[in-house]
Amino acid sequence: MELSRVKILVDRYFDGLTSLDEEQELARYFAKNSDIPEEYQAVKMMFASFDTLREDTPKDKVEVKRRKAFTISRRWIVGVAAVAAILIGVAVAITPTEDSIDIPVQAEPDYVCYVGGVKIEDDQLAYAEASRLLSVVSEDMQSAMAEINRLTYYNIVK
Amino acid sequence: MKTEAQYIEFVNSLHDTVYRLARSIIMDDAEAEDIVQDLFERVWRARDTVLTNQYPRAYVCRMAHNLAIDRQRAKQRAQSFICVDGVMPTADGEHETTTKDMASLTRRLIAGLPEKQRVAIHMRDVEGYEIEEIAALLECDEASVRMNLSRARKSVREQLIKLMNYGVK
Numbered sequence: 001m002e003l004s005r006v007k008i009l010v011d012r013y014f015d016g017l018t019s020l021d022e023e024q025e026l027a028r029y030f031a032k033n034s035d036i037p038e039e040y041q042a043v044k045m046m047f048a049s050f051d052t053l054r055e056d057t058p059k060d061k062v063e064v065k066r067r068k069a070f071t072i073s074r075r076w077i078v079g080v081a082a083v084a085a086i087l088i089g090v091a092v093a094i095t096p097t098e099d100s101i102d103i104p105v106q107a108e109p110d111y112v113c114y115v116g117g118v119k120i121e122d123d124q125l126a127y128a129e130a131s132r133l134l135s136v137v138s139e140d141m142q143s144a145m146a147e148i149n150r151l152t153y154y155n156i157v158k
Numbered sequence: 001m002k003t004e005a006q007y008i009e010f011v012n013s014l015h016d017t018v019y020r021l022a023r024s025i026i027m028d029d030a031e032a033e034d035i036v037q038d039l040f041e042r043v044w045r046a047r048d049t050v051l052t053n054q055y056p057r058a059y060v061c062r063m064a065h066n067l068a069i070d071r072q073r074a075k076q077r078a079q080s081f082i083c084v085d086g087v088m089p090t091a092d093g094e095h096e097t098t099t100k101d102m103a104s105l106t107r108r109l110i111a112g113l114p115e116k117q118r119v120a121i122h123m124r125d126v127e128g129y130e131i132e133e134i135a136a137l138l139e140c141d142e143a144s145v146r147m148n149l150s151r152a153r154k155s156v157r158e159q160l161i162k163l164m165n166y167g168v169k
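Note that the protein sequences, when read in sequence, are chains W and G.
Just so we're aligned, residue 1 is where the first sequence starts under our numbering, counting upward by one.
Just so we're aligned, residue 1 is where the second sequence starts under our numbering, counting upward by one.
A few of these clues could be false.
Said to hold, decoys possible - Calculated lysine-lysine pairs in the DSS-like style (CA-CA distance at most 30 Å, straight line):
1) W:K59 - G:K100
2) G:K116 - G:K154
3) G:K116 - W:K7
4) G:K100 - G:K75
5) W:K44 - W:K32
6) G:K100 - G:K154
7) G:K154 - W:K32
8) G:K116 - W:K61
9) G:K162 - W:K32
10) G:K100 - W:K44
11) G:K116 - G:K162
12) W:K7 - G:K154
13) W:K7 - G:K162
14) W:K7 - W:K32
15) W:K59 - G:K162
16) G:K162 - W:K44
17) G:K100 - W:K7
18) G:K100 - W:K61
19) G:K75 - W:K61
20) G:K75 - W:K32
21) G:K100 - G:K116
22) W:K7 - W:K44
23) G:K75 - W:K59
24) W:K44 - G:K154
25) W:K59 - W:K44
26) G:K116 - G:K75
27) G:K116 - W:K44
28) G:K100 - G:K162
These aren't lab readings, by the way, just hints derived from the structure by calculation.
Bound conformation, chain W alone (with noise of 0.2 Å):
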């Protein structure tokens, strides 16, 4: 290359106005020459570097599918986490603590009695009830045998 040419396109290239055609040229013609101008060395020098930055590359390569599948083994794990904190947060919320029990103490009624059908499960009531009743049955039951007795008697003087 011409060094009219070369400093023409170094011109450009320091603009930022190259494309990448003629900085694959510039990178070239340093490469292949030796007995470049004093101007230019640093500029060789930087080609030089550039290329040697590009062969750069890492020790490991990153295997793509085992980060994938890493990434989705994550996701299930933390799914799974986050649905058991919630399930135990529901439990402790739902658990009532010992301070907070309130079991209202009822005892077991000692009386119980229907009425037309309705139980009544208070003691007092149903034993008054009962009372009444019982004492209804027994009236009747006294009123009945006097009838019985009646006819008996008038049976026999017959």
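Based on the hints, put chain G in the right spot on chain W.
Same frame as chain W, now just chain G:
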């Protein structure tokens, strides 16, 4: 480009590029590899968005760039730690000119540039990306990319010339 095979092929084609981009920012091999792993997980999750983007390569590079910047900031690795003097001429004035040393020096000079200049020169001169892709990566117009590229190249050249002159004195 949504099948798993296409995704894997796409990601593998970008592996070294995103590694080098991350490394140019974080300046640490292991950190750069971590960033690549993290990046690939994110790309997989956002694969529909990434792979349908007009510039998918630039989109992924942008993600890598942001991850590296975040990690760098998190670890408070200020660029002040990049000490060019530390790798320059030895006490007796001799100048190491091996290609590897020059590349290492250039990398450090690039790392010391402002963010947009650093990304522009790395993606163009090391990775060979088109200007429009770099514009998409940096979320700016092409004229801005060319301006940053110009400044970055001139800055690196000037520092190299200074160091070379210092070495021969």
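Consistency of the hints with the structure:
{"no.": "1", "hint": "W:K59 - G:K100", "result": "holds (17 Å)"}
{"no.": "2", "hint": "G:K116 - G:K154", "result": "holds (14 Å)"}
{"no.": "3", "hint": "G:K116 - W:K7", "result": "holds (27 Å)"}
{"no.": "4", "hint": "G:K100 - G:K75", "result": "holds (28 Å)"}
{"no.": "5", "hint": "W:K44 - W:K32", "result": "holds (10 Å)"}
{"no.": "6", "hint": "G:K100 - G:K154", "result": "holds (21 Å)"}
{"no.": "7", "hint": "G:K154 - W:K32", "result": "holds (23 Å)"}
{"no.": "8", "hint": "G:K116 - W:K61", "result": "holds (28 Å)"}
{"no.": "9", "hint": "G:K162 - W:K32", "result": "holds (25 Å)"}
{"no.": "10", "hint": "G:K100 - W:K44", "result": "holds (14 Å)"}
{"no.": "11", "hint": "G:K116 - G:K162", "result": "holds (23 Å)"}
{"no.": "12", "hint": "W:K7 - G:K154", "result": "holds (15 Å)"}
{"no.": "13", "hint": "W:K7 - G:K162", "result": "holds (21 Å)"}
{"no.": "14", "hint": "W:K7 - W:K32", "result": "holds (17 Å)"}
{"no.": "15", "hint": "W:K59 - G:K162", "result": "violated (34 Å)"}
{"no.": "16", "hint": "G:K162 - W:K44", "result": "holds (15 Å)"}
{"no.": "17", "hint": "G:K100 - W:K7", "result": "holds (27 Å)"}
{"no.": "18", "hint": "G:K100 - W:K61", "result": "holds (22 Å)"}
{"no.": "19", "hint": "G:K75 - W:K61", "result": "holds (24 Å)"}
{"no.": "20", "hint": "G:K75 - W:K32", "result": "violated (43 Å)"}
{"no.": "21", "hint": "G:K100 - G:K116", "result": "holds (25 Å)"}
{"no.": "22", "hint": "W:K7 - W:K44", "result": "holds (13 Å)"}
{"no.": "23", "hint": "G:K75 - W:K59", "result": "holds (23 Å)"}
{"no.": "24", "hint": "W:K44 - G:K154", "result": "holds (13 Å)"}
{"no.": "25", "hint": "W:K59 - W:K44", "result": "holds (28 Å)"}
{"no.": "26", "hint": "G:K116 - G:K75", "result": "holds (21 Å)"}
{"no.": "27", "hint": "G:K116 - W:K44", "result": "holds (24 Å)"}
{"no.": "28", "hint": "G:K100 - G:K162", "result": "holds (19 Å)"}
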